[in-house]
Each structure stands twice: as C-alpha cells, then as structure tokens.
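The whole structure should be built from the sequences, with the hints applied where relevant.
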Amino acid sequence: MTNPEEQKAAAEEAEATEHHQEVIVDQDEPETEAEAPAEDKAVSDMTPEEARAAAEQAREEAMKFRDMALRAEAEMENLRRRTEREVEHAVKFGAEKLVQNLLPVVDSLEKAIESTQQVEASDATKAIIEGMGLCQKMFLDILGKEGVQVVDPHGEPFDPNLHQAMSMVENPDVEPNTVVVVVQKGFQLNGRLVRPAMVMVSKGVSPKIDETA
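The sequence shown lines up with residues 0 to 212 when you count with numbering that gives the first Met the number 0.
None of these hints come from the bench; they were simulated from the model. Some hints could be false.
[As the list claims (entries may be wrong)] EDC-like mimics (lysine to aspartate or glutamate), calculated; alpha carbons at most 16 Å apart, straight line:
no., residue 1, residue 2
1, 136, 113
2, 136, 109
3, 184, 113
These numbers were taken from a predicted model, which means no experiment stands behind them.
If you want it as structure tokens, here you go:
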C-alpha cells in the first residue's frame, strides 16, 4: 500500500498541475480581448478629414454599384424588347418567301379566267371557268388569312410606295397622276410590300399646236 507521504506528494503534484493550467488559460484570454481594442483604435484614431474621405469613398462605391445594377437592368430590358420584336417579325414575315413563290400561281389563274371571259363558251366551258373562279377566290381567302392584301389601285392616285409606273398616258377624263390601267396587281404581307402593282398612269393632255398660225 502507498504510505502517507507518497499520497501527500501525489496530491500536491495534481494541485500544482491544475494551477498551471488555470494560469495558461488566464494568460490566453487577455490576448483575445486585446485584439478588439486594436481594431477599434484604428477607426477611432481617424481624423475628421479621414473619416469624411472614407465616407465619401464608401458613397462613391455605392453609387458605382448602383449604376452598374441600373445598366444591367436596362440591358436586360433592351434584350427582352429586341427578342420580342424579332419573334414578332418572324411570325409576321416568316411566310414572305412562300407568298412570293405563290404569286405567279395567282397571276396565272387570273389571266386564265380573263382570257376565257373574252370568248363565247359552251356550258361545259362555263362550268370550268366558274370552278377556276372559285379556286382563285379560295386561294386569295387563304392568303388573306395569312396577312396578304391585294394592291389593286385602279382609279386611285399613283403612290410610288405601292405602285410601279410602266408608262404615262394622256387621259382628259381623269386627274393627272391617276392609275388608269393595272397591268399586274401588287401584294402586301402584313403591311409590307411584297410586290408593287404594275400600272399605267395618266398625264395631262398636251396642248395642240396650231399649224395654220
């Protein structure tokens, strides 16, 4: 068994170890507490001029970031609007090439009907002509549903934005610059000109020269 002297020595050693650990903890804590005053001291030691300069710098940085945010928002809005316009344009005019390819078919049907109306036809031929007329009407109705409009300016003032003049003819019965003959009808797609109307336009009658004078 352990004698009393050994027990006393062990107790004293344990007490000394515990006291040493407490001293270490007490020494560590003031270092942590001393760090905060160092930082506070750096801010509190600023002169009024330095404080104003720091505040101004912070304000300028805030304004810079605000300006960047506003620019980014404006760019996103412009991108959204541009995308909407491109989609709308594709929907409205995506069929333009197809319409251009179909116009000769429309012209051929119209010419065929006009040519047969100039001759005396039998009942069978009249039925064929009537059928062709129905086909033409259905064809134009389908194109109309897709936004195609016929430009048939007979009797209207000449419009260089919609018409192409093939010749000028004297006509005392109408005002000058009036479309008197439509050689070929024009077409628009949702307000955009696909093909101008080919027309003949009136002009004033030239004064006659008196050869006896």
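**Request:** Could you tell me which of the numbered hints above are not met by this structure, giving the numbers in increasing order?
**Result:** The structure conflicts with no hint, since it agrees with every one listed earlier.
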